[in-house]
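Trainee: Chain by chain, the residues run as shown.
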Amino acid sequence: MTTWSKTDMQHLIAKRVAAELEGPCVVNLGIGIPTLVAEYMDAEDIYMHTENGLLGVTDVEEADIDPNLVNAGKLPVGEAIGSSFFNSSDSFAMIRGGHVDVAILGALQVDQTGVIANWAVPGKNIMGVGGAMDLLVGAKKVFVTMSHTSKDGSSKLLKECTYPITSTRSVDMIFTELAVFEVVNKQLKLVELMPGITIEEVQAKTEADFIH
Amino acid sequence: MTTWSKTDMQHLIAKRVAAELEGPCVVNLGIGIPTLVAEYMDAEDIYMHTENGLLGVTDVEEADIDPNLVNAGKLPVGEAIGSSFFNSSDSFAMIRGGHVDVAILGALQVDQTGVIANWAVPGKNIMGVGGAMDLLVGAKKVFVTMSHTSKDGSSKLLKECTYPITSTRSVDMIFTELAVFEVVNKQLKLVELMPGITIEEVQAKTEADFIH
Amino acid sequence: MSKVISDIQDALACVESGHTILVGGFGLVGAPLSLIEGLTEKDVTNLTIVSNNLGESGKGLGILLNQNKIKKGIGSYFTSNRDVGDKYQKGEIELELLPQGTLAESLRAGGAGLGGYYTTTGVGTDLAKGKEEREIDGVNYIFEKAIRADVALIRAHKADTLGNLVYYKTARNFNPLMATAAKKVIVEVDEIVEPGALNPEEIVTPFLYVDTIIQAQQVLTKEGVVNK
Amino acid sequence: MSKVISDIQDALACVESGHTILVGGFGLVGAPLSLIEGLTEKDVTNLTIVSNNLGESGKGLGILLNQNKIKKGIGSYFTSNRDVGDKYQKGEIELELLPQGTLAESLRAGGAGLGGYYTTTGVGTDLAKGKEEREIDGVNYIFEKAIRADVALIRAHKADTLGNLVYYKTARNFNPLMATAAKKVIVEVDEIVEPGALNPEEIVTPFLYVDTIIQAQQVLTKEGVVNK
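Chains as they are written, first to last, in the numbering used here: chain G, 94 to 305; chain B, 94 to 305; chain Y, 33 to 260; chain S, 33 to 260.
Because the hints were derived from the structure by calculation, they are not lab data.
Mixed in with the good hints there might be a few duds.
[What the hints assert, rightly or not] Listed below are the simulated EDC-like cross-link pairs for lysine to aspartate or glutamate, each with C-alpha atoms no more than 16 Å apart in a straight line:
id: 1; chain 1: S; residue 1: Lys216; chain 2: B; residue 2: Glu115
id: 2; chain 1: S; residue 1: Lys254; chain 2: G; residue 2: Asp157
id: 3; chain 1: S; residue 1: Lys74; chain 2: S; residue 2: Asp115
id: 4; chain 1: Y; residue 1: Lys101; chain 2: Y; residue 2: Asp169
id: 5; chain 1: S; residue 1: Lys254; chain 2: G; residue 2: Glu137
[Said to hold, decoys possible] Simulated restraints, written as ranges between beta carbons of each label pair:
id: 6; chain 1: B; residue 1: Asn218; chain 2: Y; residue 2: Lys254; range: 46 to 56 Å
id: 7; chain 1: B; residue 1: Ser98; chain 2: Y; residue 2: Lys254; range: 27 to 37 Å
id: 8; chain 1: G; residue 1: Lys99; chain 2: Y; residue 2: Asn78; range: 40 to 50 Å
id: 9; chain 1: S; residue 1: Arg114; chain 2: G; residue 2: Lys108; range: 26 to 36 Å
id: 10; chain 1: Y; residue 1: Glu48; chain 2: B; residue 2: Asn218; range: 23 to 33 Å
Note that CB positions come from ideal geometry on N, CA and C, so glycine has one too.
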């Protein structure tokens, strides 16, 4: 059974998701693993959208950091050539109107129909949702990145989500450190094992039904 | 009984309406007599809005005419200092959201509660409405300018409109070549006779009930 | 990745009979004159045209009208073209008249993924007939549906080759809204520039809304429409 | 007619206890830091604050929160300030959580005079509880109401003395929307210029939305918030 450091695992997943992106496209990156995906994108015609008001996000050098130029995670970013700024309703009009090609999001749980929970935990106050629900209903494709299991080893791919769902819409693909799944007709389909992983290991760590 | 040329009458009304405007304010001018009002505005802080996308409309010299810079009547205009351009939904958001102080409109009929008809004639195809309904619901104040009677001499201030109404909202003031009315509690109140006009002449030419 | 196409018929290849097409402009100001001419030369029929006006008699969309290519018009001011009334009288065209603010807002709603919205405009008038009325916080509103279309034909002032757009004075009007509300967006522009030439703070239509760019071949001048 | 006021408390004179106040910014980026500080020094209570966040613990709106001046918060991401959860737990504050796109759209709807609109965002989730659901053309939507307020406190980059505004990079966010949705709009800016200095094509907030302008006294820098 393979073990990774948390960072290695996150980069492994991010790199695999990046390989799935084909330009020309517009991608919105969530907080966490999704943010790392930017490091592995090489196509010139993949543009990043951040919902706080910028299309055309790039890295920024330490020396060029501008405190008024940040992404949705409030981290400093730079502007790509051809970028544009806009207000929050115009930004979410892009998202909700179906004009963003791919949203890459983290998740707490995914059920076996591809529905995800990623904004609230039962028993805790429901304090923040941000743009998660908007991205789920609006992006043409939604890719989920997450560790396959919780800290206690339990599966995050479940028969049913026990946390509040973010949308009734099924995501399109799920990327973990063990495998890549597509959601086909509201069913999880294992389409790829990550390097060194066996189908048995995935089966052992997955509560959700899936086909392969 | 006084008679005017049509042009004189229009200018008389326009001049009187202009006197009613106090800066600072934003005014939207309809087609016809309202357009003439601009000629009589002298306050520096009266700004004109045209619903096709410009706040800060001025006259334009023949030599400076730009075919892509027009008002809602498709007539060439100029830009005031401090003007701004915007799209049609932002323009109507200003109007419908209550951000325009005064709309000055023409009317075909006004009823005795101050409700107007100015966009359609029964028996003819209903072909155009433009921004009339938007201005009526949205402007903080609506001033109506019109000749007091039709070509056949019949009153345009009626007990009830026979043409389709533009809005259920009562206008605030009505300016004709005979008199100025305010609408107070859904009732017409004659507040001023135009020069040389008698109350008897107004009464003779007005079907609507009014107080004075 | 340049979106610039030189041939107008190539740009219009996505337009099919039966399509709903958004056409920008307030009269001729800001209208995509070259694309409209291209449409008059294309063999399509049964179109629904969403535009503030249907051109003028024998001009712009008026030509398309006279070619009997328009099944239905959705707009706010058809009065500018007397032929529209004649055709309507003969039952040769369906018309849906909307207040200008409602036309604009419905296009914006379509582009923003909304189903519809409540407006006070039109309440109690003939244009509210058949529309749901609802009181919200003591105010009466009517329900208006979002408008979405197959294709948008718009005009802008400058485009970079990615498709970012800026507009010119009152030629902006419905164009930026229509850019958001159609599956395919074709824009004609006065000038095509390289990415980076437009200030990111000034771009009105970000490139993700634009599919195809052509250089305008017809321009509105003081003397009327002229070929460039 | 200049709208510029030099004293912050004079600018805030229109704010009263019980008011609903829109406060711009995404975290501290684009937040009206000087006006918020002014509000913490003003004797008002029972406020409803509409803002993406309620500041951070002990910073910005977080100070107002700790002063128990906030009766209710409406926003999308209160998680950025742990004190909000503590107060909520104790029943000391009401909260209304909205998806970020819904918060933005409701503000725009408020400014545009709409009653509300239908969105797909939130359908079938806990945030749709108690909201009307409706199918339109085969798609399920929920109804969201417009948001309007007594006062808006916003931040822009430059204002001319008439009140035309331009913004700076991602500090734009909710500010232009909030400028449209309140009876009184107070803006703090980095720079005040004469009318005519801003390009009419680039103005984001036309002056009719703005009541009062102050020169910002607090600025967000790499090193945090500093007094100017």
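Trainee: Would you mind marking each hint as holding or not holding in the structure?
Mentor: Right, here's what the structure says about each hint:
1. Of the pairs offered as hints, the one joining S:Lys216 and B:Glu115 is violated, with about 20 Å between alpha carbons and a cut-off of 16 Å exceeded.
2. As the CA atoms of S:Lys254 and G:Asp157 are separated by approximately 10 Å, the hinted pair is consistent with the 16 Å bound.
3. At most 16 Å may separate the alpha-carbon atoms for a hinted pair to count; S:Lys74 and S:Asp115 exceed this at roughly 21 Å.
4. Distance hint between Y:Lys101 and Y:Asp169 is unfulfilled; the C-alpha atoms sit about 45 Å from each other, more than 16 Å.
5. Of the supplied pair hints, the one linking S:Lys254 and G:Glu137 is violated, its CA atoms being roughly 30 Å apart against a limit of 16 Å.
6. At about 32 Å, the beta-carbon gap between B:Asn218 and Y:Lys254 misses the expected band of 46 to 56 Å.
7. Here the CB-CB span from B:Ser98 to Y:Lys254 is close to 31 Å, well matched to the stated 27 to 37 Å.
8. For G:Lys99 and Y:Asn78, the Cβ-Cβ distance of about 59 Å falls outside the hinted range of 40 to 50 Å, so the restraint is violated.
9. Taken as a hint, the range 26 to 36 Å holds for the pair S:Arg114 and G:Lys108, whose Cβ atoms sit roughly 34 Å apart.
10. In this structure the hint that Y:Glu48 and B:Asn218 lie 23 to 33 Å apart at CB holds, the actual value being about 30 Å.
When held up to the earlier numbered hints, the structure conflicts with 1, 3, 4, 5, 6 and 8 and fits the remainder.
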